[in-house]
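Chains A and B, in that order, are what the protein sequence lines are.
By the count of our numbering, the first sequence reaches residue 574 at its end, each step adding exactly one.
By the count of our numbering, the second sequence reaches residue 574 at its end, each step adding exactly one.
Incorrect hints may appear among the rest.
Identical copies look the same in the list; a pair holds intra-copy or inter-copy alike.
Heads up, simulated DSS-like pairs for lysine-lysine below, C-alpha to C-alpha not over 25 Å straight-line [stated by the list, open to error]: (1) Lys24 <-> Lys123; (2) Lys12 <-> Lys123; (3) Lys312 <-> Lys254; (4) Lys287 <-> Lys12; (5) Lys573 <-> Lys88.
By construction, these hints were calculated from the structure, which means they are not laboratory data.
2 protein chains.
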Amino acid sequence: MRASRFFISTLKEAPSDAEIVSHKLMMRAGMIKRLGSGIYTYMPMGLRVIRKVEAIVREEMNAAGAVELLMPLVQPAELWQETGRWDKMGPELLRLKDRHGREFAFQPTSEEVITDVVRSEIKSYRGLPINFYHIQTKFRDERRPRFGLMRGREFTMKDAYSFDRDVAGMQQSYQIMYDAYTRIFNRFGLKFRAVAADNGAIGGSGSHEFHVIASTGEDALVYCPTSDYAANMEAAEAPSLLASRAAPSQPLEKVSTPQMAKCEQVAEFLKLPLAQTVKSIALTVEKEEGAKEYWLLLIRGDHELNEVKVNKVEGLGAFRFSTEAEILEAYGTVPGYLGPVNTKLPVRVVADRTVANMADFVCGANDKDYHYLGANWGRDCAEPQVADLRNVVEGDASPDGQGVLAIERGIEVGHVFQLGTRYSQDMNCVYLDENQHPVPMQMGCYGIGITRILGAAIEQNFDDKGIIWPTSIAPFEIVLCPMGYDRSETVKAETDKLYEALLAAGVDAIVDDRGLRPGAMFADWELIGVPHRVVIGERGLKDGNLEYQGRRDAEAQQVPVAGMVSFIKDQLKR
Amino acid sequence: MRASRFFISTLKEAPSDAEIVSHKLMMRAGMIKRLGSGIYTYMPMGLRVIRKVEAIVREEMNAAGAVELLMPLVQPAELWQETGRWDKMGPELLRLKDRHGREFAFQPTSEEVITDVVRSEIKSYRGLPINFYHIQTKFRDERRPRFGLMRGREFTMKDAYSFDRDVAGMQQSYQIMYDAYTRIFNRFGLKFRAVAADNGAIGGSGSHEFHVIASTGEDALVYCPTSDYAANMEAAEAPSLLASRAAPSQPLEKVSTPQMAKCEQVAEFLKLPLAQTVKSIALTVEKEEGAKEYWLLLIRGDHELNEVKVNKVEGLGAFRFSTEAEILEAYGTVPGYLGPVNTKLPVRVVADRTVANMADFVCGANDKDYHYLGANWGRDCAEPQVADLRNVVEGDASPDGQGVLAIERGIEVGHVFQLGTRYSQDMNCVYLDENQHPVPMQMGCYGIGITRILGAAIEQNFDDKGIIWPTSIAPFEIVLCPMGYDRSETVKAETDKLYEALLAAGVDAIVDDRGLRPGAMFADWELIGVPHRVVIGERGLKDGNLEYQGRRDAEAQQVPVAGMVSFIKDQLKR
């Protein structure tokens, strides 16, 4: 490519609505252009990156035996009604009506459509397994779109759907996709981590998220540096930090803790470790005919509640936090002074695993400005129900017993999921087995946020000059910067010669023939993030040299003209 | 590709809603699958054709200096309001609202968005010319979607937009696109014709349609076999068939023509040539405050009215056909007996060029069941306004004076258009010229109906067995049909060897390893339309031969195993 035939548009300053690095840099590098809230035009420079990401995804999906098709964006409401998602999905689902008033969804994913395709196309066990995918525009009407391509409304996703005869087959299809994803993210040249994810109603270990590691990531990833264990915060099992419960050694004592509604304040005031305190969280579950059920969850004072884990406690699928009026009714006091001892009404108490093994703990006294010291299970209140309720923290024992947990930040860019018969049952997507019996197909679904990859790659790879693309997804692999392309015959000739040689060698090069001054030219390409650069100048050519610099290199190096192509091919391989 | 890893789904019968050949064959060949009215899933076999079409379009657009980007599907109403198209476009424009009630259009084309991009990105004459394109999903909410991909609602289009400093620049950009289109359609391997099209309000010769020639095409294409003249029916100028008007030789005579409302009936009854009769068409134009203006258009009895030409007559931009009540009011009679002589109210009479030169003609007498014989302009009624009102017919003189016109049928698959400042003025898309004066940019737009190409290619290339794809856009270039892949070691080995050799030679081959019987296997590939086939069988191998047959060949031919790859490469080049 020649820059004069391309479109390059860089900005010194990012627009004020760009909050995070990747959004700022993509705007400044002219990769995207905002059309509306969460809606972007992919400018030529950005589109090149998207196409490279798509090509890698496509190659690996095909190599893994998945078959590409393309499903429509505008999908009839009737299909979404078959699975109930038409009603269940909130305003994120963009709904529209055609000229005849018929209702449609703008696809956010395509489970319904692919299941409809498969139920009419595949009738026999002989047609299974099959895995269909497409790379297609999606729309999710986010309440608060932001961060550029990270949380846009219109975006591009690769979504694949596998169909199998049985659970074992589904798990095999799932593993094939897991392995393909690993190859894909490796080819992107990004540091990533696959973590076990919460699988909702389906259970089992049937869901993994693929995260690009970045300190700015929204998600906390839990992993064990000395084993294979990795999970997201919702799925990471928190162990009890106490192997067993000690016998009570203190009497129950009610102490004044004036205006100390937080465990930290109480611990400091009482000069006790925070780990001796228990935090009480009051929940309400609404039952039929206006009846309410009150629940009290207990976690150690230094821990954090994990609401997804709470959701999984039987009976808490539809919990909400109690109001102050409900707290007054159930506990006779105000928030900050609740506890499991002497509640006003009977409440269902669930203790986190660690809390369940605590003795002589500090908790609210259900009386404003008072806490109990020396509270003990069984003696001062009933034994609690026990559950994993908290976020793990660094240093917790790994659930596989192979070490302790560490935590890092990530950006979710892929998700593989064992769906089972969630969709095939609602939509009667069955095959006839060897005995001609109809059996619902076992499904899996597998997504990669194509456009999100760009944001994630930048969050992981940037410096104060701009983006640093991994070579495999860079808009161009290398930029040739001639010093005086329009002034020096020698420079022009050597530039063109090198450019042609690189093209012939299959290198994706761009020549900057715009006639910019060196400073502006270099700044553009450092901002855009092309990973390799060769400067062609008369001075170096006198010694038979060109100047090479990798985007991360502190210094340029002189490379003989004759060896440049093979030198570059070596650099590209690194 | 191996068929066992692909998805092939053929049908013996097309669904009943498929009316035309291409729709039937695409359904039967498993290329598309209906999701809703005018909305199709592109199945794996069809998607391969789409990708090949896209690749050719992309290569030639890039070679012509156009720059690819990708504009959003969901576009804010505000932009469409700037050009007035939000209100002007009817229900074809799919409108939608987001969760906040803001209005958007699902793009049918992207003039507004690209003009918005360019007005903020390009400020100076130095940035021009530029031509941006994208290949993107479109939605047009057709009142009556039909014919599969020919008239769908959701479809894929390549749309390009050029921006120039002045009209000469725009015309140059237009010519570059015209030439690129010619290369594109040549590479598709389709017989096509570029015809001048009606340019609406802009005038000049600034619009051409590219049609794939097919006897089933919706559009009539007019061309001169002995010159370069070609136009669509709306743009083809119809000459007067009479060089000058003869003097009146007959008196005006009112004759009884009972129940003969059609020229054909009158001519037969009076034993006169049809070319002596004149057809009268009554139009109404509604003026302000309920006033009506009556117009009478006259064409020769054997000619057809062209409504687009009528539209271009000054004052008839918003005509409609008169109602029977209006006809009674203006002419005092019923339809079928109208004429320019003795109308009840004064009406504006427009005669087609040929009619204007007729003498002693037959026309309605404005009296039920009566016609006039021997009517003459100037003598029996006032001289008419003259205009080109009719469709040309075969044998008409070519407007360039280089021969006579012929007519063939075509399917419109591309359109190039000089827009001028239609959009840039409404949207204030200006550049600063050398003197820092703001000048509106001169635009052009250029579309290719990517998915429509599939339908058009089939309408041009099929037989009773199925589709016959041109090699360049076939889903696979060649199919290898082993006779007993799973039974014969020799057949399997030779098949795999040939397949690998073809892949290495860059040939897009598929091996049918599904284990079908020969008849079913051949029928599938003839239906799907893969243009080249090699059969690998034990019988032929005994003599060292394989059997080659082109999709259009009546007979197969034996080709020695050793020479097969180069033989096939020769076939692919033809």
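Consistency of the hints with the structure:
Taking identical chains as interchangeable, the C-alpha atoms of Lys24 and Lys123 lie at most 25 Å apart only when they sit on different chains, with a minimum of 22 Å there against 51 Å within one chain. For the identical chains of this complex, Lys12 and Lys123 are inter-copy neighbours only, at 17 Å across copies versus 59 Å inside a copy, given an alpha-carbon limit of 25 Å. For the identical chains of this complex, Lys312 and Lys254 are neighbours neither inside a copy (34 Å) nor across copies (95 Å), given an alpha-carbon limit of 25 Å. In this assembly of identical chains, Lys287 and Lys12 lie within 25 Å of each other by CA distance neither inside one copy nor across copies; the values are 57 Å within and 56 Å between.
Taking the shortest Cα distances, Lys573 and Lys88 never come within 25 Å of each other, neither inside one copy (48 Å) nor across copies (55 Å).
Hint check: violations occur at hints 3, 4, 5; the rest are consistent with the structure.
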